[in-house]
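Chemist: Read off the chains here:
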Amino acid sequence: MLQATDLWKSYAGKPAVAGVSFTAARGEILGLLGPNGAGKSTTVSMLCGLFRPDRGTVTLDGEPIGDNANGVKRRIGLVTQEISLHEELSAIANLRLFGALYGVEGGLLDECCAEALDLVGLTDRAKSKPATFSGGMKRRLNIACALVHDPDVLILDEPTVGVDPQSRNAIFDNLEELRSRGKTLVYTTHYMEEVERLCDRIVIIDHGKVIAADTAEGLQRLLPPTSTRRIEIEGVVDEEVLAWLAGRGLAIRDGPSGPSLENVFLHLTGRQLRD
Amino acid sequence: MKPLLALARADIVMYLSNRRALLVTLAAPILIAAFFGSVLGGPPKNPTRVPLAIVDLDSSAIAKSIVGAMKADASFAIQEVAEPEAINLVRTGKVRAAVVISPGFGDAAARALFQPNVKKPEILVHYDPSQAIALAIVKGLLTEQVMKAVSSAAFSRETGSPVFAGMRVDVENNDKLDEVQRRDLLALFDSIDRVQTSSATTDATTKGGATPGFSMPFATRELEVTSGVDRKYNGYAHAFAGMGVQFILFMGIDLGIGVLLMRRQGIWKRLRAAPVSRALLLGSRIVSGTVIAVILFAGIYAAAIAFFGVRIEGSYLGFLGVALAFALLTATFGLLIAAVGRTPEATRGIAIVVTLLLVMLGGAWVPTFVFPEWLQTATKVVPTRWAIDGLEAMTWRGLGFEAALAPIGVMLAFSAVFAWIAVKRFDWDE
Chain A
0 MLQATDLWKS YAGKPAVAGV SFTAARGEIL GLLGPNGAGK STTVSMLCGL
50 FRPDRGTVTL DGEPIGDNAN GVKRRIGLVT QEISLHEELS AIANLRLFGA
100 LYGVEGGLLD ECCAEALDLV GLTDRAKSKP ATFSGGMKRR LNIACALVHD
150 PDVLILDEPT VGVDPQSRNA IFDNLEELRS RGKTLVYTTH YMEEVERLCD
200 RIVIIDHGKV IAADTAEGLQ RLLPPTSTRR IEIEGVVDEE VLAWLAGRGL
250 AIRDGPSGPS LENVFLHLTG RQLRD
Chain B
0 MKPLLALARA DIVMYLSNRR ALLVTLAAPI LIAAFFGSVL GGPPKNPTRV
50 PLAIVDLDSS AIAKSIVGAM KADASFAIQE VAEPEAINLV RTGKVRAAVV
100 ISPGFGDAAA RALFQPNVKK PEILVHYDPS QAIALAIVKG LLTEQVMKAV
150 SSAAFSRETG SPVFAGMRVD VENNDKLDEV QRRDLLALFD SIDRVQTSSA
200 TTDATTKGGA TPGFSMPFAT RELEVTSGVD RKYNGYAHAF AGMGVQFILF
250 MGIDLGIGVL LMRRQGIWKR LRAAPVSRAL LLGSRIVSGT VIAVILFAGI
300 YAAAIAFFGV RIEGSYLGFL GVALAFALLT ATFGLLIAAV GRTPEATRGI
350 AIVVTLLLVM LGGAWVPTFV FPEWLQTATK VVPTRWAIDG LEAMTWRGLG
400 FEAALAPIGV MLAFSAVFAW IAVKRFDWDE
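Chains as they are written, first to last, in numbering that gives the first Met the number 0: chain A, 0 to 274; chain B, 0 to 429.
For reference, chain B alone in the conformation it holds in the complex (with noise of 0.2 Å):
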């Protein structure tokens, strides 16, 4: 045991006595989750506006409803412009789309309402390919103001009539239609005239009644899901894992380097010529690399604690045993680098390439649910997804013991795999 504790003693001597190394390693994850955690951070307080322009080739009543209602919705900071410069806002990236009312689109879109099978009027959305989640968002938020706008012109007497008087006419004169179905449609008709009068009579004597027309038929009320009812989400939970994993991984690397120029140097020779069995060196390499990793994981989340209102709002065991097993994972990884790797230096950019692939795959960069669908299936099978899901359900999410069971046992599976392989492929050859 004295050995052991000698060699592990002597490896985080060493890597603590190299100050700037250690200042890098700790300093590195926590100014990059600083900055993470304030870009993509919980809800904002004054919520982004999607900049848009829009361009009113039509100027019918229904355009302009739109164009008013969409400069009203807190969602869109909207720039009312001509057709060309709002292509070229778009393609400077100054909007992230630009919506173009055509000609007439008022007059068609109110009949189009009722008849199906006319040719619709176009909106054309000019969108930046690079942001092209923005096109969902205005594309939502585009048809609930068309459908309030147009519906409620078609049941206002000043725009709507006009609309029903040229429809009664094409109806009447349809020689494809039944009498039944004619009959049913001129008396729709009747029944909307008999609303549009009473409407404008009650907007007359009242000034406040609302005009009859289609309007979303509910609301939504967002409701944050975190680890308590007062309780909000910290995007540097998130972060911070994310950050802590990749750089931890990273030192795991410099052990395994480490042991690939003891070999360079001689002090591998001389470490196995004392009466110490392969067990041992192996062990104490293991041994190490997890004490410090876990020094670097308390120093890490130590600033996210102090500075950055990361709270362990779950089980405090379950985060001491995730981070424990993500130790092991580092160091086992480490061990694994020093088994297959030839030279420090092939194996370090090796090492290093693989390192970045496994935190950006595990969702340490960007959460893994904006993956396509395949892939977060496939991510479960990277040991770094479940060392940064594990962190957060013990941190933001605020679960029990019970959550970090899987990921410890998942980590522990990963450590005992690429443990296995090491020795097996451990050249003991000088």
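Extracted from the complex, chain A is given alone in its bound form (with noise of 0.2 Å):
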């Protein structure tokens, strides 16, 4: 389980992060939402040890996570908002590189490198470089790199920016299949419908402050109940009824009702990924 007790940070006497605190359990994947300059970036740093809190601490399993090379930082994956890819390097080697710096050797690279590739559908552009490939190949090695040596804590800062809805699809895919297997997530997104689909609480940060921590449903209880109540009906609507709940004073919103239009899209477009 990963935990942040009680974390702060400042820049030039200014606190980025205010005692932030929250936990994130095994097979979990746990939102981070808030503004620009709610802090979230800052948070990320220190989880995966890139920064030293001024005060409180981040911990795996009980053991704390330093800013040095220690065990614990083995066990993170970071999929950083920038695609930290190095261009010269073939998708492969990239793979080859984060793996070596995790310790990861051998035998085991190769196989680490294989199903990290297979993961994310890249396995046959396994030796083109990152500079031949489309925005959504890119996030998606970006993200195999990270979970080259199979870390047990996946840290994702919006991983999605700049891909097309197939490849947003297949990272969402992705990251559901990591939490089946029992990875720890923490995903930081602008994007509602995507915390919705994904997260299973979602922690609010803003001033540097948790301001809320629940599930969708329980934030969603957070606000008052409105006198207006949607009723969704199944099947032909039949003319009669519509008239009687007129007749008894309700103001009907009669129209089609339909998929969001990124279904319609992915409906006519396909889900297959266009690399």
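Worth double-checking, as some hints may not be accurate.
Unchecked claim - Sample of chain B residues at the chain A side, in silico, Cβ under 8 Å:
1) Ala-9
2) Val-12
3) Ser-16
4) Asn-17
5) Gln-264
To be verified - The calculated DMTMM-like cross-link candidates involving lysine to aspartate or glutamate, where the alpha carbons are at most 25 Å apart (straight line), are:
6) B:Lys-379 x B:Glu-401
7) B:Lys-1 x A:Asp-151
8) B:Lys-1 x A:Glu-110
9) B:Lys-1 x A:Glu-87
10) B:Lys-1 x A:Asp-109
11) B:Lys-1 x A:Glu-104
Since the hints were made in silico from the structure, they are not lab data.
Treat the numbers as computed from the prediction; the structure is a model and nothing was measured.
Note that beta-carbon positions come from the ideal geometry of N, C-alpha and C, so glycine has one too.
Make the complex out of the two chains shown on their own, each in a separate frame, by following the hints.
Modeler: Put into structure tokens, the structure is as follows:
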């Protein structure tokens, strides 16, 4: 279990993170939400051991994460917001480099690289350089590089920026697959629909503090219920029923219900990855 | 160790995979060194003649003798023209200087030879200020030819007798001279008269006798001091040392900028998230930079040896030591750039200026001996000078390993200072 306890971090005397605490359990996707400048990136940096907190601790199964080499950092993978790949190296060479940095060697490294490529659907492009990849492929390889050492915890900082729906859908499938394998995922994003689809729990940060933490449904309950109720009717709508409801003084907003625009797009263009 | 090697290997592969950049980094120093080596090379087989204009406004025997002697001198390419044209030739850069022999020069010069208190005749030298070094050559060789011509004329009966006859009258009528001085000077003139008479008789009978006069009391024989008796100086050795140092330092800039770009792309953040120490991250940059610099060194000197006759006449071990020390210096220089730089764009501009200053002061473009004395002393704190001096010592100077120790030591010390500053200044925050 990844646990952040009372994290504080200041820059030039101004607190960026002020007492953030949360936990992410095994097999859980934890969403980290917040507006720009809320303190998400600083929190993520402390989770990865990039920054030492001014106060507070980050532990993984009780072991603290330092800012230098240690065994705990081997159990964490980081997917940066930027596409952090060496464009001059092939996909497999990028994976081998990051695998080696985490102490994976020899035959095991080959296996891990193959598995990571397979997970993100880039096996047939192993020897190609990222410079020849589409944006979506680069994002997937970016994730593969964070997975190559088979971490227990994967921290993803806005991993779907600038990708097409097919690639985003593929990335979501990858992440759900990782959750099913028991990995812990911390996912930061600005896109609410991503959080709704993926995250088991959501932590909202603003002004360096946790202002809410719950499931999506739990967070929705934080707002008072409105007098308007939404009723979904399956099947063919009987005009007599609608007329009866209207006769009872209820306002009817009639129209065909349908899938989201993204679902329509995926239906029209297919779910096949466009590489 | 494995992560360090993996990082260093990735850096090296990335650098070498950019074939175009690699080709430029190798080809540029070779081409420029070939140019400088051919232009500033060793003693040419056909020495360059200094183009010079000469104007004879005197037309005396002495003046004609000077002009004739200078025309015969292999050091000059003489054009005898009118004064305005001569000055124009200097102004347009077609000759280095114009020598103007004033009217009455011959007579006055012979008198001035024995009478230091009389007003001396002038030879005007119009010179090109951009070629001022040629002025010294012209004045030196002019002195030699004028002294020969004037002294020879003074002792010649034909041209010298009228001169001495005039001087005899001056001495006899000079009230300021005491009797002893007057007697001694007249005795001197009598002696010269006898020499002139004897010389004229010898000329008439043998037709081979030399006219008495002053001549250069010595001759010089130039001997190159190189690595061996049968070894010739190879100007390419200096040019390749200089250009090699310059372009390998440029590679160091690329390494430093690479770190700044990695920061921008988030790669550095990801590397830092890995379970490796800061020392390993920076150390891998030093290892990869050193290896790449050695590879470039090998490529540049392979071309120098294969195509330009550069040889390691001194200690092979010393050469290797100097090359390795400079490679390490380059790598730490790159790290320093990464530590103090902010944005890749701004840092590249500043780093190039600093590098060009370093290589210029180090003697990569022109040898340091052309610098003023104070600057020559000052350049001892420039690491590139030690690199070039060390490479030259091990190549054409043919010195032993002990001559490489100081350059190696100084460059290692600079490397340590660069690395220390880099580590202290490195910004670990993202």
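Chemist: Checked against the structure, which of the hints given earlier come out wrong?
Modeler: Of the numbered hints, all hold.
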